[in-house]
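Protein chains: 2
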Amino acid sequence: MSSHANANAHAQVLAPPPEWVMVDWGTSSLRGALLNAQGEVLEERSFAQGILSVPAGGFAQVFNERFGDWMAPPHRRCLISGMAGSRQGWQEAPYCPCPAGFVELGQRLLWLAPGRIALVPGLSCLADDPLHTPDVMRGEEVQIFGALQLARCDSATLVLPGTHSKWVQVRHGRVMAFKTYMTGEVFALLSQHSILAKTMDVSAELDAAAFLQGIDHSQQAGSLLHKLFAVRTLGLFDHLSAAALPSYLSGLLIGEELRDQALSTTASPVMVMGSDTLTQRYTLALKHLQIASHSWGAQATWAGLYALACSAFVTPSTDPL
Amino acid sequence: MSSHANANAHAQVLAPPPEWVMVDWGTSSLRGALLNAQGEVLEERSFAQGILSVPAGGFAQVFNERFGDWMAPPHRRCLISGMAGSRQGWQEAPYCPCPAGFVELGQRLLWLAPGRIALVPGLSCLADDPLHTPDVMRGEEVQIFGALQLARCDSATLVLPGTHSKWVQVRHGRVMAFKTYMTGEVFALLSQHSILAKTMDVSAELDAAAFLQGIDHSQQAGSLLHKLFAVRTLGLFDHLSAAALPSYLSGLLIGEELRDQALSTTASPVMVMGSDTLTQRYTLALKHLQIASHSWGAQATWAGLYALACSAFVTPSTDPL
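Those protein sequence lines, which keep their order, are chains A and B.
Per this note's numbering, residue 465 is the first one in the first sequence, and the count goes up by one each step.
Per this note's numbering, residue 465 is the first one in the second sequence, and the count goes up by one each step.
Heads up, some of the hints might be wrong.
Identical copies look the same in the list; a pair holds intra-copy or inter-copy alike.
In silico SDA-like pairs for lysine to any residue, Cα to Cα no more than 20 Å straight-line [to be verified]: (1) K751 - D671; (2) K751 - A731; (3) K751 - T729; (4) K662 - A706; (5) K662 - A652; (6) K751 - T621; (7) K662 - F651; (8) K662 - F701; (9) K662 - L516; (10) K751 - L727; (11) K751 - D593; (12) K662 - M547; (13) K662 - R551; (14) K662 - D702; (15) K662 - T491; (16) K662 - A520; (17) K751 - F777; (18) K662 - P598.
No lab work stands behind these hints: they were computed from the structure.
Chain A with its partners taken away, still in its complex shape (with noise of 0.2 Å):
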């Protein structure tokens, strides 16, 4: 025991504190920070540069191209997050089964590179339901963990809007459950797409009247089928401006998002991650709900791959040296 522990205080004298190449490698976007041995972020570069636009088994020349330099130094170490590790992506890092925390993400980390650079598996978990129907996620858990070391706070219940919503129970650092909702995605689809589109003016900005009016209907008895038309009809019947419109379908659908949530005024403040956009509006619907609520911007994303990476990379189950 002592000449190990001795071993490890010689092997610190000798090698630099690590410091940190933290990627986030989405479907439409590539983004870095170089962050110190304190987790402060140093650097960050942004690319257009997402995984459905790299050719496969093209990946690791990306890399070199935008984050080579930053590699350069020995002691620095990579942990990437995001659609990179997905079937279309780099590799495939498979899920990790839900309840999970830093321990089974660590110890699920996909090396490309031995001790160096790691991808991060996205979470998978099954609903609590006859179906038992699966659900997943990839890049969106180091938020989650982000948010919660930026919180100092091991328990929430957590909303990172957008494309694909994401609601997350987290008890004691692990999230146990969480569901996907295809509101951004089914927003972006009937205001481009839809019968809708053709009487809305979807350049206006959030009109909150109507938004919160969608609130509203979207808490009444009923299927959401059936609420979308209401778009249709309340310009139909000149009771809502066509650039009121874009702010009431929203309203529609995040409104039915919250309704599925077993949210209590009196619980914890619900912590919403994501664009200003969305965070605002969420923001706005839980407060209009009487849901207390905090928001947590991009940031979280640094946070949750400096704490993971402090946790792997020193954890020696997990360490493939």
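Chain A is fixed; fit chain B onto it per the hints.
For chain B alone, kept in the frame of chain A given last:
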């Protein structure tokens, strides 16, 4: 009284009984039928000349080109249903509010050529909820009345599946209320433009087992926005094949529509009206949920227009001459 009856008898001797040119002019198609005095279809015509393809002010010309020969004999009369009566059509025939039957529809015909050609108005109703959201239909009302004529009943629950499905409550020959569902349009958007489209074989035939699996899933608690994502994950985990996924999606959406109805296993059969492809799916789904149904095809349109014509053209209060 006696001399009035004689005058009518005299007129009937001189003029042949009216024959009917019935036209269903929708968004994307123009259909017509020539009916004899007994309502039997003598000839049918169909053109890909929906109202969207007709320039403003050009409706009379298209009508004359397509049906001028049919209208030449002076005892021919014409009723036109569908979107030709909308704001983007020939002339706007304002919606007839529910409850509405033959009498109300007949009173609100919009006469283009007094006594000879009239536009049938659509129906509107207000939702029985705190928001009183309006709902509308154009063209379906004649199909509904036609089906009731063919079925020889005056009270029923009907569904007209399609791009915008209509669920209709008829009591004592009058449409009391109805609801529109954007089921068909949402199916088209998701299977053509969404992320789900990437993994689906949309050319595949109906897979009844996958369709009913979707129906079962749709009956579970929870939001459609979440259930839709199962189309992605069930493909991702190879639980369903690419060829089965469109059927599963169809089941999810049609099932969501059915879940919103107050259907009873002991009530009269639901009347399903529409294309063979869709009536087959709705019939399958309803049977799976132990709800009895009968299906009706396109012939209901001509039957409905004929019944309306017999009613409207002989009721003195609606005769503009």
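Going down the list of hints, with the structure as the test:
Only within a single protomer do K751 and D671 lie at most 20 Å apart by alpha-carbon distance; the minimum there is 16 Å, versus 44 Å between protomers. Taking the closest pair of Cα atoms, K751 and A731 come within 20 Å of each other only inside a single copy of the chain (13 Å); across copies the shortest separation is 43 Å, beyond that limit. Proximity of K751 and T729 under a CA criterion of 20 Å is satisfied intra-copy only: 10 Å inside one chain copy versus 42 Å between copies. Taking CA atoms no more than 20 Å apart as the test, K662 paired with A706 passes inside one copy only; the shortest distance there is 9 Å, against 32 Å between copies.
For the homomeric pair K662 and A652, the shortest alpha-carbon distances inside one copy (14 Å) and between copies (17 Å) are both at most 20 Å. In the homo-oligomer, the alpha carbons of K751 and T621 lie at most 20 Å apart inside one protomer (15 Å), although the nearest pairing across protomers, at 40 Å, exceeds that limit. For a Cα distance limit of 20 Å, the shortest separation of K662 from F651 qualifies both inside one copy, at 14 Å, and across copies, at 18 Å. Taking identical chains as interchangeable, the C-alpha atoms of K662 and F701 lie at most 20 Å apart only when both belong to the same chain, with a minimum of 15 Å there against 38 Å between chains.
When the C-alpha separation of K662 and L516 is checked against a cutoff of 20 Å, the pair qualifies only between copies, where the shortest distance is 13 Å, while the shortest distance within a copy is 31 Å. For the identical chains of this complex, K751 and L727 are intra-copy neighbours only, at 12 Å inside a copy versus 36 Å across copies, given an alpha-carbon limit of 20 Å. With identical chains, the CA atoms of K751 and D593 are never at most 20 Å apart, being 30 Å at best within one copy and 23 Å at best between copies. In this assembly of identical chains, the alpha carbons of K662 and M547 lie at most 20 Å apart only when taken from different copies (16 Å versus 34 Å within one copy).
Only between protomers do K662 and R551 lie at most 20 Å apart by alpha-carbon distance; the minimum there is 14 Å, versus 37 Å within a single protomer. In this assembly of identical chains, K662 and D702 lie within 20 Å of each other by CA distance solely inside one copy; the values are 14 Å within and 38 Å between copies. For the homomeric pair K662 and T491, the shortest alpha-carbon distance between copies (14 Å) is at most 20 Å, but the shortest distance inside one copy (29 Å) is not. In this assembly of identical chains, K662 and A520 lie within 20 Å of each other by CA distance solely across copies; the values are 17 Å between and 39 Å within a copy.
Taking the shortest alpha-carbon separations for K751 and F777, neither the intra-copy value of 41 Å nor the inter-copy value of 58 Å comes in at or below 20 Å. Proximity of K662 to P598 under the C-alpha cut-off of 20 Å is restricted to the inter-copy arrangement: shortest distance 18 Å between copies versus 36 Å within a copy.
Going down the numbered hints, you'll see the structure goes against 11, 17, while the others check out.
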